[in-house]
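First to last, the sequence lines map onto chains A and B.
Under the working numbering, the residue at position 186 of the first sequence is numbered 256, and the numbers go up by one with no gaps.
Under the working numbering, the residue at position 95 of the second sequence is numbered 107, and the numbers go up by one with no gaps.
There may be inaccurate statements among the hints.
In silico DSSO-like links for lysine-lysine, alpha-carbon gap of 27 Å or less [stated by the list, open to error]:
id	chain 1	residue 1	chain 2	residue 2
1	A	Lys-262	B	Lys-110
2	A	Lys-133	B	Lys-184
3	A	Lys-142	B	Lys-198
4	B	Lys-84	A	Lys-242
Because the hints were derived from the structure by calculation, they are not lab data.
No experiment lies behind these values; they were computed from the predicted model shown.
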Amino acid sequence: MGSWLSRKSKFDDTSNTVYLMQMPRGTRVPSLSPFPLKLETYLRMAKISHKSILGFSLSSKGKIPWIRHRGKDVADSQFSIEYLNKEFGVDFNAHLTNEEKAVSRAFLKMVEENLFWVLVCYRWFFMDPKDFGFSKPIPWLWLAYIRRMTRGYAYGHGMGRHSEEEIFHIGKLDLQALSDYLGAKKFLFGDKPSETDCSVFGMLAQFVFSDTKSPYCALIKKEFPNLERYCHTMRDAFWPDWDDVLKKGSS
Amino acid sequence: MGLRGSKPTFDDSSNVVYFIQIPLRGLRVPNLSPFPLKLETYLRMAKIPHESIMISTLSSKGKTPWIRHRGKDVADSQFCIEYLNKQFGVNLNEHLTKEQQAVSRAILKMVEENLYWVLVCYRWFFCDPKDLGLAQSFPWLIYAFIRRRVRGFANGQGMGRHSPEEIFQIGKLDFKALSDYLGEKKFLFGDQPSETDCSAFGMLAQFVFSNIESPHCALIKKEFPNLERYCHTMRNTFWPDWDQVLKGDASSTKL
Chain A
71 MGSWLSRKSK
81 FDDTSNTVYL
91 MQMPRGTRVP
101 SLSPFPLKLE
111 TYLRMAKISH
121 KSILGFSLSS
131 KGKIPWIRHR
141 GKDVADSQFS
151 IEYLNKEFGV
161 DFNAHLTNEE
171 KAVSRAFLKM
181 VEENLFWVLV
191 CYRWFFMDPK
201 DFGFSKPIPW
211 LWLAYIRRMT
221 RGYAYGHGMG
231 RHSEEEIFHI
241 GKLDLQALSD
251 YLGAKKFLFG
261 DKPSETDCSV
271 FGMLAQFVFS
281 DTKSPYCALI
291 KKEFPNLERY
301 CHTMRDAFWP
311 DWDDVLKKGS
321 S
Chain B
13 MGLRGSKPTF
23 DDSSNVVYFI
33 QIPLRGLRVP
43 NLSPFPLKLE
53 TYLRMAKIPH
63 ESIMISTLSS
73 KGKTPWIRHR
83 GKDVADSQFC
93 IEYLNKQFGV
103 NLNEHLTKEQ
113 QAVSRAILKM
123 VEENLYWVLV
133 CYRWFFCDPK
143 DLGLAQSFPW
153 LIYAFIRRRV
163 RGFANGQGMG
173 RHSPEEIFQI
183 GKLDFKALSD
193 YLGEKKFLFG
203 DQPSETDCSA
213 FGMLAQFVFS
223 NIESPHCALI
233 KKEFPNLERY
243 CHTMRNTFWP
253 DWDQVLKGDA
263 SSTKL
């Protein structure tokens with residue numbers, strides 16, 4: 071974690087570059103958190119000039135990712151996207167009907183407010199820590215601390231009150247909904263990607279590419295293969311340099 | 013707040029579903045929590061014989077509502093519905109296409125995992141306690157205790173980290189999505205109600221009928237009037253005895 075001064079000196083607030091603050095790269099996904107992966111995918115989709123700054127610098131809301139643009143800090147991936155849409159005149163949902171936009175919102179929230187907690191509970195309570203997918207193992211003390219904190223958060227949210235089987239069942243229903251809605255389409259709403267594709271990809275990539283030993287990955291491969299196909303489509307379309315990113319650890 | 017103390021007696025040999033909800037009888041809604049209202053609407057929609065018991069006993073997961081049927085306790089409104097669907101051969105989503113069922117799941121989660129926290133934050137952090145709309149008054153100490161706990165929960169979930177304006181904006185986008193999807197339709201997916209209607213109604217009723225002084229209620233009336241119309245449709249269809257229930261009706265059993 072750099073000092074406040076060294077953090078500030080990384081930014082050129084006169085340029086139009088968007089600085090994206092996110093965690094260090096994973097070994098199998100560019101980010102082990104779905105939200106930085108969502109936001110970075112959006113930046114690539116929108117062809118917005120950006121620079122990733124890897125570290126653990128938290129936003130004003132105590133989370134990651136956040137962005138800085140022309141001296142303005144914006145926290146939360148969705149608020150960041152809304153800000154960038156305005157600043158750069160981007161609208162990936164322009165081609166959707168009113169009804170599709172509504173469905174887009176619903177899936178965004180299902181993925182980020184429900185499936186996300188399935189992922190969190192799996193990773194912090196049930197997964198072997200060796201499978202984490204960081205370049206270095208998480209120090210035992212950190213693991214214990216984060217686990218304890220996450221247990222409180224998950225309990226407050228509600229997901230943490232369910233058994234492992236119940237959580238798997240909840241995750242399966244979400245994955246089924248995504249799979250059934252996607253069907254044979256290239257992206258969620260047809261041949262053109264939209265905003266929610268960034269979020270869905272950010273989340274599914276965790277199961278499909280990173281947590282490859284998880285029961286969720288096995289479930290997707292067996293029962294929802296179109297979701298795996300979709301992840302590859304998104305990766306090929308917006309991350310042709312995926313392997314380089316993982317190797318170099320920065321974009 | 014309600015009675016603790018003697019455990020209710022259940023007749024585990026009968027087919028009646030005991031529906032246990034925390035005594036948060038509202039002045040303007042049957043329960044100030046959207047999940048008991050969702051589950052009770054489902055029981056009425058599915059015409060499952062049930063007996064409502066209002067006591068402060070929380071479920072095994074520490075929440076409300078829960079059910080007991082033939083000696084089996086089931087916690088969590090959605091697990092209750094899945095259990096009851098199996099037990100009573102109910103499928104309120106049968107008439108939906110695969111794609112509609114997928115959308116139904118997404119809307120269910122948007123309402124219960126996102127809009128719910130907009131409601132919670134409004135009620136516990138921004139709403140005047142006088143406007144809570146509880147049928148019985150809330151002892152101040154319990155109110156302060158719950159508020160502190162909710163702050164921790166909301167912070168952990170994420171919604172509690174946003175400003176009041178940001179939370180309002182998040183709620184507005186959810187309302188817009190519901191309104192745009194509902195359109196002119198009678199229920200979310202057409203002329204026939206489905207499972208997610210129970211949840212959407214349970215949540216929207218809180219804003220439309222209970223928190224009538226909230227900016228959310230004003231927003232719905234002004235920009236999303238079809239959501240208000242929808243709440244009335246659901247209420248008239250499944251709660252013709254709404255007013256009697258609020259007065260403390262015959263169909264609820266207090267123990």
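Hints versus structure:
In summary, the hint linking Lys-262 of chain A to Lys-110 of chain B is supported, as the alpha carbons are separated by about 22 Å, within the 27 Å threshold. The straight-line distance between the Cα atoms of Lys-133 of chain A and Lys-184 of chain B is roughly 23 Å, inside the 27 Å bound, and the hint therefore holds. Proximity of Lys-142 of chain A to Lys-198 of chain B is assessed by CA-CA distance (about 45 Å); at most 27 Å being required, the pair is judged violated. Between the alpha carbons of Lys-84 of chain B and Lys-242 of chain A the distance comes to roughly 24 Å, so the proposed pair stays at or under 27 Å and holds.
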